[in-house]
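> Take a look at the letters that make up each chain.
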Amino acid sequence: MSEPSAVADAATCTPVGTPLASPTCSPINDAATAPRLVSPPRIQIPRGPLILPALAAMVVASFVVSAGFGSASVAPADVADVLAAHLTGTTAPDATLDAIVWELRVPRGLLAIVVGSGLAVAGVAMQTLVRNPLADPHLLGVSAGASVGATAVITTGAFAGAGVWALSGGALVGALAAAVLVFAIASAQGGLTPLRLVLIGTVMASAFSALASFMVFRSPEPQAAQSVLFWMLGSFAGAAWDQLLLPSVIVVLCTGALMAASSWLDAVAAGPDTAASLGVPLTALRRGLFVVLALLVGGLVAVAGAIGFVGLVLPHVARLLVGARHRIVLPVAALGGAIFMLWVDVAARVVGGAAEIPLSVITGLIGAPVFLVLLGRRQYRFGSAA
Amino acid sequence: MSARLGRPHTTNDVLGSAPGPHLQAADLDCAVAGRTILRGVNLDVQSGERIGLVGPNGSGKSTLLRVLAGLRPPADGGVVLRGRPLAELRARERAREIAVVAQEEEPAGELLVGELVALGLIPHRRPWAAGGAAEREAVAAALRSVDLAGYEHRPVISLSGGERRRALLARGLAQQAPLLVLDEPTNHLDIRHQLDLLARLSRVERTVVLSLHDLNLAMRFCDRVAVLARGELRAFGPPQDVLTPALIADVFDVRASLVRHPRNGASHLLLDLPQPAYPSTAAVQKAHV
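Protein chains in written order, with the working numbering: chain G, 29 to 414; chain L, 806 to 1094.
Simulated from the structure, these hints should not be mistaken for lab results. Keep in mind that the hints are not guaranteed to be accurate.
Which stretches of chain G does chain L cover? Using the computed rule of at least three CB atoms under 8 Å from a CB of chain L, they are [claimed, not checked]:
id, stretch
1, 284-293
2, 297-305
3, 347-359
Simulated restraints, written as ranges between beta carbons of each label pair [to be verified]:
id, chain 1, residue 1, chain 2, residue 2, range
4, L, D834, G, L227, 28 to 38 Å
5, G, A312, L, D1046, 54 to 64 Å
6, G, Q217, L, A1071, 49 to 59 Å
7, G, Q217, L, E1010, 38 to 48 Å
8, L, N847, G, S234, 46 to 56 Å
9, L, R1068, G, G404, 30 to 40 Å
Since the model is a prediction, treat every value here as computed from it, not as a measurement. Backbone N, C-alpha and C fix where the C-beta goes; we use that ideal spot for every residue, glycine too.
Next comes chain L alone, as it looks inside the complex (with noise of 0.2 Å):
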C-alpha cells in the first residue's frame, strides 16, 4: 500500500494508539420504530480479536453490529473505539478506522468488480480522485485475498451470489480499517469458500466483528462469542464456555450435543430439534387408518 492512499493502519493519527480495549460498549440500548431492539448490551473487543455474534433471528445482531460500527446511533450507552467515543469521530474519520459490510448489499450491476472494490478506497483519499497504480494493486491485492484474484474486469452482474458476497468482503478489506464489522460474511458461501473465508480471516491483522449462523464455524474460527437473544447479551467469552448445550437449548431452542472431532479433537456441536416437532410416519399412518 503506497503513502498515496492514505496511512496504513498501524499508524494512524486519529486515534493514536490508546491503551485498552480496541472497541467497548456500555450499557447500549437500541430501539427501531420504537420497538427496543437491544437492552442493556455491554461488550469490550479486544486489539486482534475475533468475535463472533450469535443468536436467533431477530435477536438483534444486525442491529448490534451497525451501532458498534457507528451508523447507527445506540438510543442509550455509548460505544468507546480505542479511548474515543464513536460518536464524535466525523463519517470520514470513522470510515478509516472501521470497515462494514452489511448483509444485504446490492451493489450497481453496471459497476466492474474492480470499481466495486476500489469504493473501499473513498475514506483515504478526495472524493473526485480515483484511478492510478495504487488503486490497482490495493484493489488487486484485495481481490486475491478472498480468492477472486484476476477478477477487476469482470461485471458485478455476472458474479455469482457467493463471489458477489466475497468482492463485497474484498472491498471491506481494501478500506484498510484495523476493525473490520462483518454481517454474515459466509451467507451465500458454498461449505469450501465458508471455510476459506473465515481461515483467511482469521490471518488477517485485524480484529474482526462478525455475525454467524453456524455455531461450529462461531466455535472453530472465533476467540470469543457473544450470545444475543431478544436484544439481550446472554453470555459473553470463549467458545467452549459460552456455547454450551444448556445455553444453546435455552437461546436456540435446539438440542445440543458436543463431541470431539475423530481427525483434529476439536469440539463440534451435533444439533437436531428438541423433541420430534411434527409426528413420526408411523403416527401419522395410525391417524389416517
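Just chain G, with the same shape it has in the complex (with noise of 0.2 Å):
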C-alpha cells in the first residue's frame, strides 16, 4: 500500500468516545452476550497524524530559538534573518551575526537534530532487536569500541595528518572493529539472539572499556584523561558544514531502512516465535538490524561522542505518546529526540559559562528522573504484557 494517508491510517485515530465504524458491533447486540463491551474505553491520548506535524513544527522552533543561546546572545528574529538570506542567497545584513550564526549555531543545531534524531531511533531499534525495554544504543559494545579508536587516537597522536577527521576517523574505525566482532562471536555461539547479544554485548563493551582505560593510564600525555573523557561523555562544541554530512546520510538511510521494516518490527518485538509464523525473515531481519545499528551507532559516536540516556529514554517517551507500532514510535523518536539534543545542547553551552558542560552529563541528569518517572506509571508497561 502506497497512497499517501498510510501513516494516518496506521496509527487507528479515533479520538476518545468515538463509535467505531463496523456495523456489526452494535451496543445493544453485544450488551447481550457481553456486558464488558459497554464499559468506557481508557482515556488516551489519540494516536492521530497530527503528533507528526506538531512535533516537526517544534524541532524547527526549538532550532531557530536554540540557535540564540550560547556566550552571545541572539534574538529569534535575527536568526530568521540570517537563515533566511542564506535560504535565499541574498547576503546576510551583519558579517559578525552572520558568523556567530551560520558558522557555529546552524551547524551546531543541525548536528544535534541528527544526533538526537539517530539515537533515538537506534534506541528504538535496540529495544526491539534484543526485546529489553532497558537496551540502548551503546548496549552492544560499538560505542566501547569507538572509545578505543578515540583513546588510541588521543594517547598516540595517531593519524595526525587527517586534523580534525582524526579524532572521528578512529572513533569509526573501532566502532566499525567492534562490532564486526560482536558479530563474529554472537553469530558463532549460534546466531543473533536477544540474550546473547545483550550479554554479548555488555561483556565485550566492558572489554573495550578496560582496553581504553588502560591506553588512558599508560599514555605519557598527562591531557590524555581529559581529552577522553570529555570525548566520551559528548559535545557538539565542534561541530562544523563539513561534519555533518556523514552522519546525516547515515541517519537518514538508517532510519528509511527500519521505517521500510516497521511491521517487520512490530512482529519481531511479540516475540521470535510470533515473528516466525508471520513470515517475517528472522535471522535475516535480526542481522539487517544489527548492520544497521552499528553504522548509526558508529556513525554518530564518531561525530559526537557516547551520548548517553537520549537512546533509552526517548524510545520509552515515543510508545508512551503513540503506543507500540514501529512506523508511528520511529518518527515521533526520532523527532523528539531532534527536540531533546536541541536543548540539551542548549544548556550545556549556557550552564557551565565559559566551559562547557559535556552532553552525557546534561542528558543522564535529565533522563534519570524522566526515566524514573516512567517505570513509575502504572499504565506503562515497556513493551511486555507482564
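Each chain sits in its own coordinate frame; assemble them with the hints.
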C-alpha cells in the first residue's frame, strides 16, 4: 500500500468516545452476550497524524530559538533573518551575526538534530532487537569500541595528518571493528538471539572500556585522561558544516530502512515465535538490524561522542505517546530526540559559562528522573504485557 | 477481504490445489537440547478436518505442533504440506499457508487490540505497508469471530487473560491461512468461551490442528484425535474409537467411564483417579489415634 494516508491510517486514530465504524458491533447486540463491552474506553492520547507535524514544527522552532543561546545571545528574529538570507541567496545584514549564526550555531543545531534523532531511532531498534526495555544504543559494544579508537588517536597521535577528522576516523574504525567482533562472536555461538546479544555486547563493552582505560593509564600525555573523558561524554562544540554530511546520510538511510521494515519490527517485538509464524525472515532481519545499528551508532558516536540516555529514554517517551507500532514510534522518537538534543546542547553551552558541560552529564541529569517517572507509571508496561 | 490484502485462501497460487492430504508428517523425530521429544510420528491431516492433539504434560504436543507448523525443523522425517515439503517453503509463503497461535504469547503491552490483530496481515503485504480500510475491515471481522467485536481501540494490557487468548486467536484468523495450528486455545478461557470458541472453530472453513487438555472437548469437537505419550503417537482416529477407557487409563493414568449425555446423547467421559491417591479421612483419623 503506497497511498500517502497510510501513516494516518496506521495510527488508527479514533478520538476517545468515537463510535466504531463496524456496523456489526452495535452496543445492544454485544451487551446481551458480553456486558464488559459497554464499559467506557480508557482515556488516552489520540494516536493521530497530528503529532508528527506538531513535533516537526517544534523541531524547527527549537532549532531557531536554540541558535540564539550561547556566549553571545542572538534574538530568534535575527536568527531567522540570517537563515532567510542564506536560504534565499541574499547577503546577510550583519557579518558578525552571520558568522556566529551560520558558521557556529546552525551546524551545531543541525548536528544536535541529526544525533538526537539518530540515537533515539537506534534506541527503538535496539530495544526491539534484544526485546529489552533497558537496552540503549550503546549496548552492542559499538560505542565502547569507538572509545578505544578515539583513545588510541588521543594517546598515540595516530592519524595526526588527518586533522579534525583524526578523532572521528579513529572512533569510526574502533566502532566498526567492535561491531564486526561482536557480530562474529554472537554468530559463532549460535546466532543473534536477544539474550546472547545483550550478554556478549555487555561483556565486550566492558572489555573495550578496560582497553581504553589501559591506554589512558599508560599514556605519557598528562591531558589524555581529560581529553578522552570529554570526548566520551559527548559534545557538539566541534560541529562544522563539513562534518554534517556523513552522519546525516547515515541517519536518513538507517531510519528509512527501519521504517521500511516497520511491520516486521512489530512482529519481532511480539516475540520470535510470533514473528516466525507471521513469515518474518527472523535471522535476516536480526542481521540487518545489527548492521543498521552498528552504522548508526558508530557514525553518530564518531562525530559526537557516546551521548547517553537519549537512546534509552526517548523510545519509551515515544511509545507512551503513540503506542507500540514502529511506523509511528520511529518518527516520533526521531523528532522527540531532535528536540531533546537541541535543548540539551543549549544547556551544555549556557549552564557552564565559558567551559562547556559534556552532553552526557546533562542527558543523565535530565534522563534519570524522566526514566524514574516512566517507571512509576502503572499504565506503561515497557513493551511487555507482564 | 479485498484483493489489496493478498489472496483469499481458496485461490492459492503458491501450492495450488494438489490432491491428497492437506498436511502429512512422516516418521518425525525431534530432539530439543539432546532430549528426544518426538519419535517416529506419522500423521495425516485431510483438508477441512479438525485434528485434536491430546496427551499428558510433556508428551510433546507443543513440539509436534511447532514441527507441523514449520517453526521447528524435525531431526528426522519430514512434513509435506499439500504435496510440497514444508522445509522448502520460504517463511512468507509458509505464513500464508499456516497460521500459528502458540500457548505462551506475550503481546507488547502498548499495542491496541486492533493493532495486535493486524499483525496477522503481515504475510500478505510489504513490511512497510499498514493501515487502510481493508485492514480495519479484516481486523473487525477477525474480532467478531472471537466475540470481541468493538475491542479495536482497547490496550492489550487492559484485557483479561481469556480476552487476550481470543485476541491472539483473532490474529491467527486474520492471517487467512487455510491451516490453523493452535496450542491449547482453550487455556485461560471460562467454560462458556471454551465451548463457544470450539463451536466457532468448527464453523470456520479451514483445516484446524489444535492441542487440548480436555478430553471431552476433544471428543466433541474434533474429527480425529491424536494421542501422544512420551513423544510417540499412541493412537490416531475418530475420538470415539481412540478415547477408550483402556487407552486413557494407559496414557493418562486416570480411570475413565464412558456415559451418554442425558440431553443430546453424545459420548462423555467421566474421569477420576485410578485408586485413592491419598488415604481416606477415616484412615487418617485412625492413624492419629
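> For every hint, state whether the structure bears it out.
Verification of the hints:
no., hint, verdict
1, 284-293, "holds (count 6)"
2, 297-305, "holds (count 7)"
3, 347-359, "holds (count 6)"
4, D834(L) to L227(G): 28 to 38 Å, "holds, 31 Å"
5, A312(G) to D1046(L): 54 to 64 Å, "violated, 46 Å"
6, Q217(G) to A1071(L): 49 to 59 Å, "holds, 54 Å"
7, Q217(G) to E1010(L): 38 to 48 Å, "holds, 45 Å"
8, N847(L) to S234(G): 46 to 56 Å, "holds, 51 Å"
9, R1068(L) to G404(G): 30 to 40 Å, "violated, 54 Å"
Hints 5, 9, counting from the list given before, are not met by this structure.
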